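S.K.: Sequence order for the protein chains is A and B.
For the first sequence, my numbering gives the first residue as 1, with consecutive numbering after it.
For the second sequence, my numbering gives the first residue as 1, with consecutive numbering after it.
Hint data in this document are derived by calculation from the structure and do not stem from the laboratory.
Each hint can be trusted.
Below 20 angstroms or equal to it, Euclidean Cα-Cα: the simulated EDC-like pairs (lysine to aspartate or glutamate) are:
#1 K6/B / E19/A
#2 K193/B / E33/B
#3 K39/A / D11/A
#4 K6/B / E37/B
#5 K182/B / E68/A
#6 K56/A / E68/A
#7 K182/B / E33/B
#8 K6/B / D11/A
#9 K4/A / D73/A
#10 K3/A / E74/A
#11 K4/A / D51/A
#12 K242/B / E200/B
#13 K182/B / E229/B
#14 K6/B / D73/A
#15 K3/A / D51/A
#16 K189/B / E37/B
#17 K182/B / E19/A
#18 K189/B / E33/B
#19 K189/B / D243/B
#20 K56/A / E37/B
#21 K193/B / D243/B
#22 K56/A / D11/A
#23 K6/B / E33/B
#24 K223/B / E19/A
#25 K56/A / D36/B
#26 K56/A / D73/A
#27 K56/A / E19/A
#28 K182/B / E226/B
#29 K34/A / E19/A
#30 K6/B / E68/A
#31 K56/A / E9/B
#32 K56/A / E33/B
#33 K6/B / D36/B
Label-pair restraints from in silico Cβ distances:
#34 S48/A / I4/B: 14 to 24 angstroms
#35 P146/B / H23/A: 27 to 37 angstroms
#36 V219/B / D11/A: 20 to 30 angstroms
#37 P50/A / R168/B: 50 to 60 angstroms
#38 F156/B / E38/A: 43 to 53 angstroms
#39 V47/A / R81/B: 45 to 55 angstroms
This structure is a prediction, so every number in the text was calculated from the model and none was measured.
All residues carry an ideal CB built from backbone N, CA and C; glycine is no exception.
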Amino acid sequence: MAKKNYLVTIDRNRCKGCELCVHACPKQVLAMSKDINEKGYFFATVVSQPDCIGCKFCGMSCPDSAIEVAALDEAEVAGGI
Amino acid sequence: MQTIFKRPEALAVQPTHYCPGCTHGIAHRLIAEAIDELGLRERTVGIAPVGCSVLAFNYFNFDFQQASHGRAPAVATGIKRGRPDLVVFTYQGDGDLASIGMAEIIHAANRGEKFTVVFINNAIYGMTGGQMAPTTMPGQVTSTSPFGRKTDDVGFPIRMCELLSSLRTPAFIERVSLSSPKHIIRARKAILKAFRYQSEGRGFSFVECLSTCPTNWGVTPLKALEWLEEHMMPYYPVQNFKDFEPATPEGGKDAD
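Using the sequences and the accompanying hints, generate a full structural model.
M.R.: Here is the structure:
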């Protein structure tokens with residue numbers, strides 16, 4: 001069975017830089033950015049999307065509901081989102 | 001593409017005013033998810049407390065009422081008795097519920113009022129600047145206990161779940177933690193169950209969420225979660241204290 005692919009989207013301007021998602025991710029998909037968002041916080045970003053296993057731990061532990069997780073179809077993976 | 005996790009509909013788009021890493025946001029989301037899952041959004045009324053979550057009405061897409069300090073259970077009693085068709089819940093912190101609102105919560109629980117209480121226990125008064133709460137841990141430094149909480153002077157922290165579970169009427173009492181995804185999944189189930197029991201008219205339901213206050217504890221959000229697991233969870237055991245299962249149709253008010 002082919003590995004499923006997932007897309008994690010972080011709304012950078014909702015993020016307050018608490019790092020809870022980075023800590024919760026079992027696959028180190030997320031990391032803190034070196035840039036700041038419009039509130040002045042270092043926001044979380046996705047650094048290794050293909051490693052995502054779709055566990056949703058990042059979204060669950062985000063206090064600001066800044067994270068969305070989506071499951072990708074095969075066609076979308078081939079098309080390169 | 002199929003979205004498998006996103007902000008629930010019952011949670012407003014507006015970003016919260018809470019500090020970075022504050023678990024209020026997680027508790028808000030769990031409540032909104034429960035309301036959405038049960039399809040109760042059009043007939044839910046929340047009661048906001050006094051504390052950091054005093055502005056909670058900004059963050060939910062359903063009706064809200066704000067109560068005086070600690071009096072949320074009294075206001076909820078009025079709303080629920082006036083309009084039994086509504087789903088009513090109070091959202092209270094430890095300073096609000098366990099200190100000034102102690103009389104209200106105990107009597108509302110004892111009367112078996114059919115609403116839900118979500119109790120956020122972060123062992124400190126958050127909004128007013130980190131004063132000692134009845135739930136502050138022994139030895140914990142706060143702005144009114146600068147040398148740590150002395151149990152000789154002020155006693156030990158109050159365990160609300162244990163206190164309320166000594167009453168006979170409440171239908172559901174559970175303590176959960178918001179410290180890690182594993183505990184958040186359990187918390188989600190407990191909150192969902194509390195609202196489900198209310199919508200089925202089973203009686204008083206109470207969920208205590210162990211939370212953090214990184215700002216007033218003076219640590220980073222990650223360290224706060226560790227402190228919660230290390231110091232609070234052994235004293236406040238995460239477990240179910242009371243669960244009404246369908247023994248009698250009346251809802252927890254069975255005769256001996």
